[in-house]
Amino acid sequence: AQTVTQSQPEMSVQEAETVTLSCTYDTSESDYYLFWYKQPPSRQMILVIRQEAYKQQNATENRFSVNFQKAAKSFSLKISDSQLGDAAMYFCAYRSGLGGNTPLVFGKGTRLSVIA
Amino acid sequence: EAGVTQSPTHLIKTRGQQATLRCSPISGHTSVYWYQQALGLGLQFLLWYDEGEERNRGNFPPRFSGRQFPNYSSELNVNALELEDSALYLCASSWTVYEQYFGPGTRLTVT
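For the record, the sequence lines run as chains P and L.
Counting from 1 along the first sequence, just add 683 to a position and that's the residue number in our numbering.
Counting from 1 along the second sequence, just add 196 to a position and that's the residue number in our numbering.
Honestly, the hints are just simulated from the structure, not real lab data.
From the three backbone atoms N, C-alpha and C, an ideal C-beta is built for every residue, glycine too.
Treat the hints loosely; a few may be bogus.
[Unchecked claim] Within a straight-line C-alpha distance of at most 25 Å, the following computed SDA-like cross-link-like pairs (lysine to any residue) qualify:
1) P:K791 x L:P300
2) P:K791 x L:E249
3) P:K761 x L:V293
4) P:K791 x L:Q213
5) P:K738 x L:T292
6) P:K761 x L:E271
7) P:K791 x L:Y297
8) P:K761 x L:G238
9) P:K756 x L:K209
10) P:K753 x P:A699
11) P:K753 x P:L730
12) P:K791 x L:N267
13) P:K756 x P:T688
14) P:K791 x L:G212
15) L:K209 x L:E271
16) P:K756 x L:E295
17) P:K791 x L:F260
18) P:K791 x L:N252
19) L:K209 x L:F241
20) P:K753 x P:S690
21) P:K753 x L:Q202
[Said to hold, decoys possible] Stretches of chain L that chain P covers, calculated by requiring three or more beta carbons in the stretch to come under 8 Å of a beta carbon on chain P:
22) 229-238
23) 241-254
24) 284-291
[Said to hold, decoys possible] Label-pair distances were calculated between CB atoms; the ranges are:
25) P:E693 x L:E280: 37 to 45 Å
26) L:E280 x P:K756: 30 to 38 Å
27) L:K209 x P:N741: 23 to 31 Å
28) L:T305 x P:S725: 12 to 20 Å
29) L:A276 x P:G782: 26 to 34 Å
Isolated chain P, as found in the complex (with noise of 0.2 Å):
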């Protein structure tokens, strides 16, 4: 079975830095999605950024980049110029390309906030 590890609960950075959140995954399947989500207060889930297994190319959304290390298993978020409307929870999320529209896999969530 597939697992997402997010070791970091909480982090913090000032409006306008740049801070980076940590995800790790284990899989032995070669086809898969990774995926970042938001969890604002309001608890809607929104999509941040998705990284498919088989592009190498790290994926960018605006001020949202990860870094996609698919030996290492690792899937880390980069928010650059942090916003207020940035603090929210964050979810990195695995989903398999086999099987048709399976489940996305969750870590456990970072917690972040942005301190003006």
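Since chain P is already given, all that's left is putting chain L on it; use the hints.
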């Protein structure tokens, strides 16, 4: 385009009762997923429905069950409620492997 909707927003039940939670996916999405988010445990996969069939279930007892209707909406039933069933229940829908879209959740409190 309307997002994933869930009802009710909050639900308060007594231990031993049954709870029914509802989810409407985004139009065109055939897969519906249920996740439990209990305090300190992250999100745990409960059930996956696709085209009306249960495709997979997580490591939960049989008193957690559900179904998917012909219009792809879904219902989660929890029988014989226990205190530890208190959690946020999130529904998600998708039609590709690239993303799951989440609803706002139902907060279930068991007293």
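Structure-based check of all given hints:
1. At roughly 19 Å between alpha-carbon atoms, K791 of chain P and P300 of chain L fall within 25 Å of each other, so this suggested pair holds.
2. Between the alpha carbons of K791 of chain P and E249 of chain L the distance comes to roughly 29 Å, so the proposed pair goes past 25 Å and is violated.
3. For the proposed pair K761 of chain P and V293 of chain L, the alpha carbon gap of about 23 Å is at most 25 Å, so the pair holds.
4. Between the alpha carbons of K791 of chain P and Q213 of chain L the distance comes to roughly 29 Å, so the proposed pair goes past 25 Å and is violated.
5. Note on K738 of chain P and T292 of chain L: the hinted pairing holds, with a Cα-Cα distance of about 18 Å set against a maximum of 25 Å.
6. In summary, the hint linking K761 of chain P to E271 of chain L is not supported, as the alpha carbons are separated by about 37 Å, beyond the 25 Å threshold.
7. Of the supplied pair hints, the one linking K791 of chain P and Y297 of chain L holds, its CA atoms being roughly 19 Å apart against a limit of 25 Å.
8. Restraint check: the Cα-Cα separation between K761 of chain P and G238 of chain L comes to about 21 Å, which is no more than 25 Å; the hinted pair holds.
9. As the CA atoms of K756 of chain P and K209 of chain L are separated by approximately 42 Å, the hinted pair breaks the 25 Å bound.
10. Using a Cα cut-off of 25 Å, the hinted pair K753 of chain P and A699 of chain P is violated, with the two alpha carbons roughly 29 Å apart.
11. For the suggested pair K753 of chain P and L730 of chain P, the alpha carbons sit about 21 Å apart, so the restraint of at most 25 Å is met.
12. Restraint check: the Cα-Cα separation between K791 of chain P and N267 of chain L comes to about 33 Å, which exceeds 25 Å; the hinted pair is violated.
13. For the proposed pair K756 of chain P and T688 of chain P, the alpha carbon gap of about 11 Å is at most 25 Å, so the pair holds.
14. With a C-alpha separation of about 29 Å, the suggested pair K791 of chain P and G212 of chain L falls outside the 25 Å cut-off, and the hint is violated.
15. Restraint check: the Cα-Cα separation between K209 of chain L and E271 of chain L comes to about 17 Å, which is no more than 25 Å; the hinted pair holds.
16. For the given pair, K756 of chain P sits about 20 Å from E295 of chain L by alpha-carbon distance, which is consistent with the 25 Å threshold.
17. For the hint pairing K791 of chain P with F260 of chain L, the CA-to-CA distance comes to about 22 Å; that is within 25 Å, so the pair holds.
18. Restraint check for K791 of chain P and N252 of chain L: the C-alpha separation of about 21 Å stays at or below 25 Å, so the hint holds.
19. For the hint pairing K209 of chain L with F241 of chain L, the CA-to-CA distance comes to about 22 Å; that is within 25 Å, so the pair holds.
20. For a cut-off of 25 Å, the pair hint linking K753 of chain P to S690 of chain P stands: about 18 Å separates their Cα positions.
21. Between K753 of chain P and Q202 of chain L the CA atoms are separated by roughly 36 Å; this puts the pair beyond 25 Å, and the hint is violated.
22. Only residues whose C-beta sits within less than 8 Å of a C-beta in chain P count toward coverage, and the region 229-238 of chain L has 5 of them, enough to reach three; the restraint holds.
23. Beta-carbon proximity to chain P at under 8 Å applies to 6 residues in the region 241-254 of chain L; the threshold of 3 is reached and the given coverage holds.
24. Beta-carbon proximity to chain P at under 8 Å applies to 5 residues in the region 284-291 of chain L; the threshold of 3 is reached and the given coverage holds.
25. Hint check: E693 of chain P to E280 of chain L, Cβ distance near 24 Å, so the stated range 37 to 45 Å is violated.
26. Taken as a hint, the range 30 to 38 Å holds for the pair E280 of chain L and K756 of chain P, whose Cβ atoms sit roughly 32 Å apart.
27. For K209 of chain L and N741 of chain P, the hinted distance range of 23 to 31 Å is not satisfied, since their beta carbons lie about 45 Å from each other.
28. Here the CB-CB span from T305 of chain L to S725 of chain P is close to 19 Å, well matched to the stated 12 to 20 Å.
29. Checking the proposed 26 to 34 Å range against A276 of chain L and G782 of chain P shows it holds: the Cβ atoms sit about 31 Å from each other.
Hints 2, 4, 6, 9, 10, 12, 14, 21, 25 and 27 from the earlier list are contradicted by this structure; the remaining hints agree with it.
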